[in-house]
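A.B. asks: These are the residues of each chain, in order.
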Amino acid sequence: MSDLVVADLVAGYGDARVLHGVSFTVREGEVCAILGPNGAGKTTLLRALSGVVRVRGTVTLGGTTLAGRSPDTIARHGVAHVPEGRGTFMPLTVEENLRLGAYVRRGGAEVEEDLGRIYTYFPVLKTRLKQAAGSLSGGEQQMLALGRALMLRPRLLLLDEPSLGLAPLVTRELFRIVQAINAEERTTVVVVEQNAHLALGIAQQAHVLETGRIVLSGTAAEIRADEQVAQSYLGYRV
Amino acid sequence: MSATKVVTEPAPVRERRPPDPRWRWAGLALLLAAAVYAPFQLVPFHVFQLTMVLVYAVALLGLNLLVGHAGQISLGHGAFFAVGAYSGAILLDRWDLPYPLTLPVAAGVAFVLGLALGVPAMRLRGLYLALVTLAIAIFLVPLLKRFEAVTGGSMGLTLAKPAPPGWSGLAEDQWLYFLTLIVTVAAFLLAAGLLRSRVGRALHALRDNETAAEVMGVRLSFYKTLAFAWSAMFAGAAGCVYTWVIGFVSPDSFTVNLSITLLAGLVVGGLGSLSGPVLGGLFVMFVPSISQDVNDAAPGVIFGLLIIVVMYVAPTGLAGLAARLAGRLVKKIPRKE
Amino acid sequence: MAGFVQQVVEGLGAGAIYASLALALVLIYQFTGIVNFAQGELAMFSTYIAWQCVAAGLPFWLALVLTLAVSFAGGMLIERVIIRPVEGAPELTIVIVTVGLFIFVNAAAGWIWTFLIKDFPNPFPGGALEAAGVSVSFSTLGVLGVVAAVMGLLYLLFQHTKIGLGMRAVATNPASARLVGIRVGRTLALGWGLAATVGAVSGVLVAPLLFLEPNMMGGVLIYAFAAATLGGFDSPLGAVAGGLIVGVAETLAGAYVGVIGSDLKVGVPLVIILGVLLLRPQGLFGRAVVERA
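Chains as they are written, first to last, in full-length UniProt numbering: chain G, 1 to 238; chain A, 1 to 337; chain S, 1 to 293.
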């Protein structure tokens with residue numbers, strides 16, 4: 001079992017605490033959506049999971065403790081984080097960006113194979129392999145970021161606002177791919193989204209975060225059904 | 001980055017417990033009294049050494065305006081020092097100007113040069129300013145050698161030192177010491193006044209946050225250039241006094257090593273504090289003369305290590321360290337309520 | 001005409017040396033955003049190590065290999081011990097620390113090996129290649145060849161190895177590099193080690209032409225700065241091109257501009273630095289925006 005278990009997670013920047021004891025579990029192979037207004041601590045939560053910010057509390061993945069480890073070590077444990085702003089290596093080529101995703105893996109043949117797989121998910125990337133990643137459009141860069149994350153063959157995929165700055169059609173396509181990946185690779189996904197409707201569409205579970213605390217948890221269907229919740233917490237009409 | 005961060009901003013010691021101004025004045029008066037008394041107790045060579053400490057202190061005062069208060073880097077302040085020294089020397093040598101008049105002229109020349117160089121230099125980010133000033137300091141030496149007719153070339157210029165007036169009853173070394181002391185006190189008063197004025201506040205705003213300073217309406221390039229020019233002026237004045245005291249200038253006295261030593265002295269003495277330049281002057285003077293007995297390279301080894309260590313553990317230098325210690329002492333003394 | 005070509009050739013020879021030190025500066029700048037004022041002194045120190053090895057009776061090329069290895073380790077060590085604690089500190093702090101390192105290394109070399117000049121063996125044969133009235137000394141050819149080889153090796157490292165890819169990733173986006181599992185700290189140390197190695201090459205190339213003494217690289221450093229500024233501090237290729245241009249410009253200015261002559265040539269880098277910074281701050285090959293995450 002490779003469940004993600006988060007318990008009493010406290011995190012912040014310097015003296016400013018952002019997360020005040022967050023607990024939840026994501027079962028292996030499930031998609032978990034983290035919803036909530038701006039400034040609720042969603043991005044910080046992902047950063048805490050991938051080790052970018054210092055934490056107190058428990059984070060384990062399949063029994064391995066992640067809390068307190070450095071981001072590069074956590075990545076080596078199979079956690080791929082697509083950060084806010086996508087983390088593209090702008091002057092490097094598309095192919096180099098993808099290969100960097102597999103930086104910690106050994107085995108050339110498998111990596112080549114995975115590159116092929118990424119191209120089937122994102123055919124547009126294949127046509128731009130030798131281009132500088134910075135020359136891609138926003139949607140293409142998001143795909144590249146996702147592709148880079150997949151090159152790790154992650155056990156856990158952390159997605160921060162994949163829809164940010166993208167056209168609705170592109171966003172929908174992207175979520176379709178995330179769903180396909182989740183289905184085919186059995187990758188556990190934690191996705192932070194403003195667009196609750198989209199996120200709930202692919203998630204099994206969801207948590208609503210507000211000012212650093214989880215104020216509501218449930219299955220995606222439950223959260224979606226709760227119209228009052230949707231209005232007060234998500235600012236979004238069902 | 002997880003590493004501990006070292007910040008050059010002064011530790012917030014002063015904010016926590018401002019020293020009683022009366023104590024401060026008393027301390028300064030005591031220091032001044034000691035400074036006046038000292039030359040009558042010391043042998044001429046030591047008087048000369050103290051004089052040089054003051055000369056360096058004036059130059060460091062200028063460098064401190066730029067580095068400590070405005071947060072700009074100069075690796076070439078020796079060049080302005082040299083310009084002041086040569087201005088004074090040439091005026092004495094060619095025009096037989098009475099020496100008190102050489103000081104304002106030398107300071108003025110350095111100021112104008114600082115202004116002229118400051119205009120292009122200040123469009124540069126901090127790092128590039130360091131490069132440009134370093135290049136200037138390196139370029140100055142061959143330049144001085146080239147214009148031999150005026151500068152005396154590699155041989156330099158030898159001048160008569162200011163003679164003590166008969167009424168004073170002072171020896172030459174004492175007279176030079178008092179001349180330097182007067183310039184030093186004037187320079188400190190000027191610098192203190194400058195820092196308390198609008199200019200000083202603008203400089204601090206620059207150092208602490210350029211963007212915020214600009215938003216607040218501080219005209220960035222104007223004040224940077226001004227800081228550069230003021231700072232050059234102090235260095236130039238120090239250079240002129242140097243000429244009085246030594247009675248000799250030559251290009252090899254003003255190599256890039258002088259610039260680097262000045263920066264080193266200031267860092268060790270204390271960036272951004274008023275007493276830093278004096279402590280720095282003591283260092284620039286005495287570390288080499290004492291440690292050179294061990295090995296020619298010893299001053300460099302000590303300076304190099306000290307700079308690095310100071311940047312790690314006490315970015316405010318000896319002056320900051322002293323203030324911190326004083327603060328701790330004051331805390332220990334129970335106060336009557 | 002032959003005289004002019006002769007001057008250009010000599011300029012290229014000098015330029016190749018500036019290029020190699022500029023390359024070292026650029027390597028460190030790319031990874032850490034730091035301009036290492038001590039780079040020249042580190043190169044000088046490396047050269048002394050080579051001299052010591054040769055003096056102890058080792059054959060030159062073995063001494064060189066040993067020197068490069070020691071320099072690499074030394075560069076990494078310096079990053080770990082001296083630079084790491086001030087990483088992310090204001091520029092002023094970092095510049096002052098590298099200046100401190102400059103003073104320290106310079107003095108340490110003087111302490112160990114004294115300030116007396118030493119002869120350093122020239123690895124290249126004497127004599128020259130003559131063609132069409134232009135003579136190119138084997139020494140100049142050797143210097144150009146070595147710098148070209150260093151450039152080629154660096155190109156292979158950066159473009160065709162996984163470590164090189166990781167290093168470029170760290171240089172462009174350290175935060176994201178960490179997220180893909182790259183050990184950023186180790187990579188930065190690697191960058192310093194590499195820079196120290198390249199610097200050592202330039203020191204060993206300079207020493208036979210000048211004399212080996214603790215202040216040997218002081219003069220070269222300012223030319224290397226001019227080269228890196230001209231080429232762009234974030235472009236290794238630019239550093240090499242910049243170095244060659246600076247070398248040629250300096251030699252030509254010294255030979256043909258009467259006012260400058262041989263003594264004021266050191267004004268050339270100053271003019272180049274000022275000119276580039278005012279007209280095209282990113283340099284000829286640099287990226288216009290060098291915002292660092």
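Warning: the hint list may mix true and false statements.
Stated by the list, open to error - To spell it out: a stretch of chain S is covered by chain A in this simulated footprint if at least three of its residues, at any positions, have a beta carbon under 8 Å from a beta carbon of chain A; those stretches are:
no., region
1, 77 to 86
2, 91 to 99
3, 143 to 155
4, 192 to 203
5, 220 to 232
By construction, these hints were calculated from the structure, which means they are not laboratory data.
Don't be surprised by glycine CBs; every beta carbon is placed ideally from N, CA and C.
A.B. asks: Please go over all the hints and tell whether each is borne out by the structure.
C.D. replies: Hints, verified against the model:
1. Given a C-beta distance limit of less than 8 Å, the hint that chain A covers the region 77 to 86 of chain S holds, as 4 residues qualify and 3 suffice.
2. Restraint check on the region 91 to 99 of chain S versus chain A: 7 residues with Cβ-Cβ distances below 8 Å, three needed, restraint holds.
3. Counting residues of the region 143 to 155 of chain S whose CB lies closer than 8 Å to any CB of chain A gives 0, so the stated coverage by that chain is violated, three being the minimum.
4. For the region 192 to 203 of chain S, the proposed coverage by chain A is not satisfied: 0 residues have a C-beta within less than 8 Å of a C-beta in that chain, short of the threshold of three.
5. Here the region 220 to 232 of chain S counts 4 residues with a CB under 8 Å from a CB of chain A, which clears the bar of 3, and the coverage holds.
In this structure, the hints that do not hold are numbers 3, 4, in rising order.
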